[in-house]
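Undergrad: Just so you know, the protein sequences line up as chains A and B, in that order. When we follow numbering that gives the first Met the number 0, the leftmost residue of the first sequence carries the number 0, and every step to the right adds one. When we follow numbering that gives the first Met the number 0, the leftmost residue of the second sequence carries the number 0, and every step to the right adds one.
No wet-lab data here; the hints were simulated from the structure. Any given hint could be a false lead.
Copies of the same chain look alike in the list, so a pair counts if it fits in one copy or across any two.
[Claimed, not checked] Dumping the calculated EDC-like pairs for lysine to aspartate or glutamate here, alpha-carbon to alpha-carbon at most 20 Å: (1) K19 - E54; (2) K19 - D223; (3) K209 - D293; (4) K274 - E331.
2 protein chains.
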Amino acid sequence: MGVVVQKYGGSSLADAQGVKRVAQRIVATKKLGHDVCVVVSAMGDTTDELRDLAEQISPLPPARELDMLLTAGERISMALLAMAIANLGQTARSFTGSQAGVITDSAHGRAKIIDITPGRIESALAAGDVAIVAGFQGVSMDTKDVTTLGRGASDTTAVALAAALAADVCEIYTDVDGIFTADPRIVPAARRIDHASYEEMLEMCACGAKVLHLRSVEYARTHDIPIHVRSSFSDRPGTWVDNRSEVEPVEQAIVTGVAHDRSESKITVAGVPDKVGEAARLFEALADAGINIDMIVQNIPAPGGTSTDISFTLPRVDGQTAMEALARLQPEVGFEQLLYDDRVGKVSLVGAGMRTHPGVTARFFAALAAAGVNVEMISTSEIRISVIVDEDQVDAAVASAHHAFDLDAAEVEAVVYGGTGR
Amino acid sequence: MGVVVQKYGGSSLADAQGVKRVAQRIVATKKLGHDVCVVVSAMGDTTDELRDLAEQISPLPPARELDMLLTAGERISMALLAMAIANLGQTARSFTGSQAGVITDSAHGRAKIIDITPGRIESALAAGDVAIVAGFQGVSMDTKDVTTLGRGASDTTAVALAAALAADVCEIYTDVDGIFTADPRIVPAARRIDHASYEEMLEMCACGAKVLHLRSVEYARTHDIPIHVRSSFSDRPGTWVDNRSEVEPVEQAIVTGVAHDRSESKITVAGVPDKVGEAARLFEALADAGINIDMIVQNIPAPGGTSTDISFTLPRVDGQTAMEALARLQPEVGFEQLLYDDRVGKVSLVGAGMRTHPGVTARFFAALAAAGVNVEMISTSEIRISVIVDEDQVDAAVASAHHAFDLDAAEVEAVVYGGTGR
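Only chain A is shown next, with the shape it has when bound in the complex (with noise of 0.2 Å):
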């Protein structure tokens, strides 16, 4: 038997009764003749209400200091959840980022993972316990400060632990029972996803599906980890993230699941003089401010024309500082108008599919319009089609597409005519 590590989020540790029954899903894979690590992020809320509480003392909190402080939340779960194990006849020890040798880079609340040194939980787990690691923080390589990964990123610790102690399987453990061909909530006939590479599941962290953290992934992948997405609440099998479907092309869906995404705002550069470099030098002055542009879109010229208008997406928390550096530009670069819009939605298609289907952009188009949808722009990867349309438009876009390539289950509406009597 070999190592096993399991990552729980917030919603599995929310309170005492889920810490314990936590414990006993640990246990019990203990007893399976597996050795354990166990990444946890903070109970329920616990990180919102430090930030919450960082906010009454400070607008602008200098970032290591917010790191130590959002530290204490995985703190807290990972020794109760040590006590709720010992107390099941368990041995198991708690260890903090820098006591399991996850080394970052020092950038405060956005560190990156540099090494991981984990002596001690191999020492805890050749001793026969179970090793308990906090998620989401490290210990900076230069200055040995206290640094986070970022919202999300326990399941990167979680990952990056399983390459390092070379583990059969990363199993991420949340609230529901894998990963989805769209938000459930969206789409009542939405089917768990058995199985998705490594690729297709970047492809859906990026557009949206908020089940597991991107850099997770890019690191499952490179290290060539499988990862098994699934419910802490049941015993079901839940969607198996590896490079699985890569080795063994089996018949395969086209699409693999719809994405979308309400956290874009678009920018639109109205009246850009057509010059070569003007473009450039927008996009300059927003790198240098820190902003992550996603789709760009330029109109050509009308005839005669000698300006264009140039869109792009970007996350709306980036909106205002975009906004004020593209401001700073307008006497240099000379544009007509700086327009703002964050009542848009990102829907994506994502399939290993598409690379063999053509037509998928007509079939996915199709039943946009259909649906009354209005597309605003597009982008396109070998194995993701994305729109940008109206915030309000999102959910009938997911729901028209899911419907067109055939992903409805028929489960889901043989219990909804069950529910009716029929």
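Fit chain B to the supplied structure of chain A, relying on the hints for placement.
TA: Chain B in isolation, oriented as in the chain A frame:
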């Protein structure tokens, strides 16, 4: 200007407003030109809340994990305080006990400080930063695990750091103006003590005065660190604890203060055979159970009698353990009966002036008699007299002794008369 160590307790850091108020005080001290190292406790009732959480999980949590849990409290308060200080334009860096170099033994929950290696603190001070250190916690020398020093031990962290940094003073901030001649809730005329010697303060702490942690005073005496106990809610001077009163024995009050303690209980072992070594066996059994005995009284056997009664006091929390340990000895030692009484209180007079003033005991007992208080047990040291009385008579005993030794403040009486309109 030298180094000043300031310690702020949980009541001073109860909420965001409290944290901001403390930050202003720290920045004001820094502006006077001092290097400032701050030791913090957890905010308000955080530590008790974390203990409650642990109790919901496990009746007997592993000590290592309980320490991991409880140290989250100071992590939160120190990070918030650093933010509040930064918000006032002063740089500050927070450090865990481990980062601050607080090296302890491995006795989780009651670890002793072995050494302080404050390299990071000294670097921060040299860089002009305020250094903020988590009180109550350290890291074990052998296992590198997180340890806690016991309830109230943030005072000890502060004094130990003051010694390691060769600080000019260790200021202990609390929610009262200093140490009083008696508990003002019992004796409204109690006065703030200006100066006390280390020895007097040790006796006061050992006899129930809760303002300072006993071990912090021992540490201060060993390293000759002046302690200034004062309020974080006012700028009034507080109580100095140092060796000045020994160096300059100016005209001194006989009694410095009247302390009381309701946390003890009394056990009487009745009918112990009056043979050599029987009492020793009783106390060995208690020592083996890890119980500290305070006062002991052995009755003289009645003329011609062959047995004696032995009474002693001990912490109430140890009462059950002690009774069980003694009951197991009954067949072997052959005493007649075990009696347990937790309705007792201890009242103590403390004062270095007792050394040179005879008649203190007589005056104390006259005061107790005048108040109708029955004395059950007595013990004395060079600068202290303690009596055990009925719990219901503690207040009367304290008030009467306070008055008899001229400790009542004239000013408070004036305030009282003022209140009646005179």
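Undergrad: Decide, hint by hint, whether the structure agrees.
TA: Do the hints match the structure? See the list:
1. When the C-alpha separation of K19 and E54 is checked against a cutoff of 20 Å, the pair qualifies only between copies, where the shortest distance is 12 Å, while the shortest distance within a copy is 32 Å.
2. Proximity of K19 to D223 under the C-alpha cut-off of 20 Å is found in neither arrangement, the shortest distances being 32 Å within a copy and 49 Å between copies.
3. In this assembly of identical chains, K209 and D293 lie within 20 Å of each other by CA distance solely inside one copy; the values are 17 Å within and 61 Å between copies.
4. For the homomeric pair K274 and E331, the shortest alpha-carbon distance inside one copy (13 Å) is at most 20 Å, but the shortest distance between copies (104 Å) is not.
When each numbered hint is compared with the structure, a violation occurs for hint 2 only.
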